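K.L.:
Residue numbers (the working numbering), protein chains in the order written: chain L, 2 to 185; chain G, 4 to 441; chain F, 5 to 320.
Source of the hints: derived by calculation from the structure; they are not laboratory data.
Take the hints with a grain of salt, since some may be wrong.
To be verified - A few chain G residues facing chain F, derived, Cβ under 10 angstroms:
1. 56
2. 59
3. 66
4. 70
5. 169
6. 178
7. 186
8. 252
9. 256
10. 259
11. 328
12. 330
13. 331
14. 332
15. 335
16. 358
Here the structure is a predicted model, which means the values were calculated and not measured.
Glycine included, each C-beta is placed from N, C-alpha and C at the ideal position.
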Amino acid sequence: MDENIPAAEAPREHGESVPEAGRLGRWLDRGGIVFAAGIVLAMLILMQEVILRYVFNAPTIWAHETTVFLCGIAFIYGGLYCTARDRHIRVVLIYDALGPRLRRAFDVAISIVCAAASAMFAWAAWLMVERAAFRPDGSFRLERSGSAWDPVYPGLVKVFLMVVLAVMAIQFVVLAWNYAKGRR
Amino acid sequence: MEIFGSLKGLGVEGGTLLMFAMLLGLLVTGIPLAFVTLLVALVFALGWFGPMAVPLITSRVYTFVSSFVFVSVPMFVLMAAILDRSGIARDLFDAMRLMGGRLRGGVAIQTIVVAVILAAMSGIIGGEVVLLGLIALPQMLRLGYDKKLAIGVVCAGGSLGTMVPPSIVLIIYGLTANVSIGGLFTAAFIPGLMLASFYVIYVLVRAYLNPAVAPIVENAGVPRAEKIRLLKGLILPLLVVAGVLGSIYGGIASVTEASAVGVMGVLLSTVVRGEFTFALLKGAALQTLQTVGMIVWIGIGASALVGVFNLMGGINFVSSLITGISDNPTIILLFMMLILFVLGMFLDWVGIALLTMPIFVPIVKSLGYDPIWFGVLFCMNMQVSFLSPPFGPAAFYLKSVAPPDITLSDIFKSLLPFICLQILAVALLIAFPVLAGG
Amino acid sequence: QEHTFRFQSSDPSGNPNFELQKTWADSVSEKSDGRIQVELLPVESIVAHNETQDAIAAGILDGHITDTSYFAGKDPAFGLIANPVGAWSNPQEMFDFMENGGGKELMNELVEPYGLHFIGATTPGLEAFVSAVPLDGVDDLKGVKLRAPEGLVQQVFAAAGASPVNLPGSEVFTSLDKGVIEAADYSVFSTNHAQGLHDVAPHPVYPGFHSMPLVEISMNKQKWDELPDDLKQVLEESVREFAQRQVAALDENDQKAVEEAKASGNITIHDWSDEERAKFRTIATGEWEKVAQRSENAQKVYETLTGYLQEQGLMQ
Ligand code: NA
Ligand code: NA
Chain L
2 MDENIPAAEA PREHGESVPE AGRLGRWLDR GGIVFAAGIV LAMLILMQEV
52 ILRYVFNAPT IWAHETTVFL CGIAFIYGGL YCTARDRHIR VVLIYDALGP
102 RLRRAFDVAI SIVCAAASAM FAWAAWLMVE RAAFRPDGSF RLERSGSAWD
152 PVYPGLVKVF LMVVLAVMAI QFVVLAWNYA KGRR
Chain G
4 MEIFGSLKGL GVEGGTLLMF AMLLGLLVTG IPLAFVTLLV ALVFALGWFG
54 PMAVPLITSR VYTFVSSFVF VSVPMFVLMA AILDRSGIAR DLFDAMRLMG
104 GRLRGGVAIQ TIVVAVILAA MSGIIGGEVV LLGLIALPQM LRLGYDKKLA
154 IGVVCAGGSL GTMVPPSIVL IIYGLTANVS IGGLFTAAFI PGLMLASFYV
204 IYVLVRAYLN PAVAPIVENA GVPRAEKIRL LKGLILPLLV VAGVLGSIYG
254 GIASVTEASA VGVMGVLLST VVRGEFTFAL LKGAALQTLQ TVGMIVWIGI
304 GASALVGVFN LMGGINFVSS LITGISDNPT IILLFMMLIL FVLGMFLDWV
354 GIALLTMPIF VPIVKSLGYD PIWFGVLFCM NMQVSFLSPP FGPAAFYLKS
404 VAPPDITLSD IFKSLLPFIC LQILAVALLI AFPVLAGG
Chain F
5 QEHTFRFQSS DPSGNPNFEL QKTWADSVSE KSDGRIQVEL LPVESIVAHN
55 ETQDAIAAGI LDGHITDTSY FAGKDPAFGL IANPVGAWSN PQEMFDFMEN
105 GGGKELMNEL VEPYGLHFIG ATTPGLEAFV SAVPLDGVDD LKGVKLRAPE
155 GLVQQVFAAA GASPVNLPGS EVFTSLDKGV IEAADYSVFS TNHAQGLHDV
205 APHPVYPGFH SMPLVEISMN KQKWDELPDD LKQVLEESVR EFAQRQVAAL
255 DENDQKAVEE AKASGNITIH DWSDEERAKF RTIATGEWEK VAQRSENAQK
305 VYETLTGYLQ EQGLMQ
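With the rest of the complex left out, here is chain L (with noise of 0.2 angstroms):
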């Protein structure tokens, strides 16, 4: 038997957020564990949902929205996290070719443009959110589902994206920063 083959086995190590997202990133870093919580949480409350409604016949009004407005903000930072953990997948065919120097330009201009363009998506939530967390007088309420139970997820899911997404802008902002300076 091949028992001494430790190859593939070791859980392979994910590392943290590269330097050059500062840090922030580290920050994003360490907050990425409340949501990561929340996938968790979200299928223990699936668990419980299937036994309620099996077992006791008394399905919970509020289980399925809850597992969605958890997993739907797990989804949001966890862009974010790629983000300052530099995971996202990149086709690097041509960024490849390049030499050193070229490569930093290129990191430079890419994370430029990712900050406009988060910037921008952030400012259109915000317009977005300016409906969603305001009655049509601009007394203060956030958007519901409107199912029996009707929580705010809803509203707090934009609110929580136009966060997001500033703050996508501002590591972006970091990561050109930090690749013009070429720390590494």
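Use these hints to put chains G and F with the ligands onto chain L, whose structure you have.
P.N.:
For chains G and F with the ligands alone, kept in the frame of chain L given last:
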């Protein structure tokens, strides 16, 4: 010169071409994939309409992340991450190797069988590719299998989730076309298994033509007690599979809930094996966050881009393109296949489905084709789109968890034969509609 | 033409409702001598079904044809007026409320602050109830696991003793098939039949007792205000005619599907007695009040609605 709205002068034909050119151009520059489609969507929202149209993109992002159908993706990824950190997967594959006996390519074939079982447990793709990429790929490499063959089996097999019922692609199609979802599931059953069997045959042919790609593992020297110990490795995984399938087909859990049952089963297995620690769970959960962040953001942009394209008048443009090409229904049908193939090179399946289904369904009905058969055909086309470069989601999902020395171009090269098999399956469905109940 | 409007429907392109809505778009162009063109887009082509209100206000879309209850999260009043469970026994009662009972003015009071103008109402008609178990009255609902969509409907079923399960439309079929749920509030009989729900749940209740959605046709308020009066009239008239056309056409579809279902021999159609329907309606109206307390607008809807029903003798 006014920038906002200036692209409108291109007309929808020119705009569409420019869109594809931009997608391709940005894709190869090394911009994170998640932002490529989002950027193109932004450029066209601003360039065609102006800043007032940009909230359409954030609205679609919001809708995308709050869809119930994606809940099973993090569940499958979490399952994979826990399995990866425990010894369950290794024991499973050791047992499978023993059972594979002297059959060439045995473990690859067993991986395909596992993929079909996983496909019957889930309705969506993403999670299974990650699961097989974390579990089966390292094991096949460990056993000396050809890298390309192993990669192809993992990506193609992991994509079966939407081909073998239950399938979210078929459900969305059924809702769009107003046809029986049960009918679609029944009709997709044989084509799904047919595609899986193509993969098996391909593995066998490769393995027997060139024994080096799939070495036979000698089990002769293994003592009986050791064999029994190895076979024990099958028990827990089988219990988990039985739990998930049983909860779906026994009416205990909905398809999405069943994915959580699977996570719970795997978690309990680690407890039984004495491997459970909070560090393990924490590591698995963090990896899940990263992987789903990547998977979901790849899809987000496509959905946004479709919204912008439709606002540009994309629906009318594409339908006039199709109906204008010929009076011959067969040619129209083949042209639709071509459109699906080309879109598959650039967009995520959600984007393709959102864009084309509303256009194709009325045309297919008016041509007199069986809408159920077409739904299965559509689903088969999505299989191709998962693998086809340059935008091949299954390849990206695998890349996110594969060892760093496996590059995207390695993956795409490995997928070519499997794409050919999928196209063969599409052709067979067209030539012999009876395969899909047509 | 002078005006081109882009409307998004809440129905998918292969759905009979969408086909009918296209005839509305055509009739607008015809009645206005081509001065108005309506481009009708299927659900989710620009934004999701529950995001159209925002998109219209922002000027991305010009209008929508949609179930008003999708906006119950903005204000519970939308949920109450869209589907006052138990209020209507047929579409004409609801149309009369809209035209002569203050419904139209009320709708505009609700949507105008959001930047929309309500042109008129239509409905797919009284929905049929999908069930895998025989249901012949309110008592049979006890403990039945059923899927109900957001809002009042769910609350009413809970009050009637059932166990409402939150499930998205996409999971209804598989969950009924495997027995995760036993019944579902889904759509009208013909649609339920076409999508194969009766194959897995062979005890439909028809005509339904639970739901008749208000489908609003609305557009951007500013663009409406800019229209000359004669074109405004054309739009209103076209919606009134369309509503009648839709109700008649879908009723015909339902009849056809009912015949087919009966002929199949595997499907048993249940029709509730008047007493049972009244019993359900009493439970439902008890729930209206609870919704009314959730917002000022909802209270306004409650008062207008009950006032009209009492005046017409439809409610004590
Ligand atoms: Na499946
Ligand atoms: Na592709």
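K.L.:
In ascending order, which of the hints set out earlier in this document are inconsistent with the structure?
P.N.:
11, 12, 13, 14, 15
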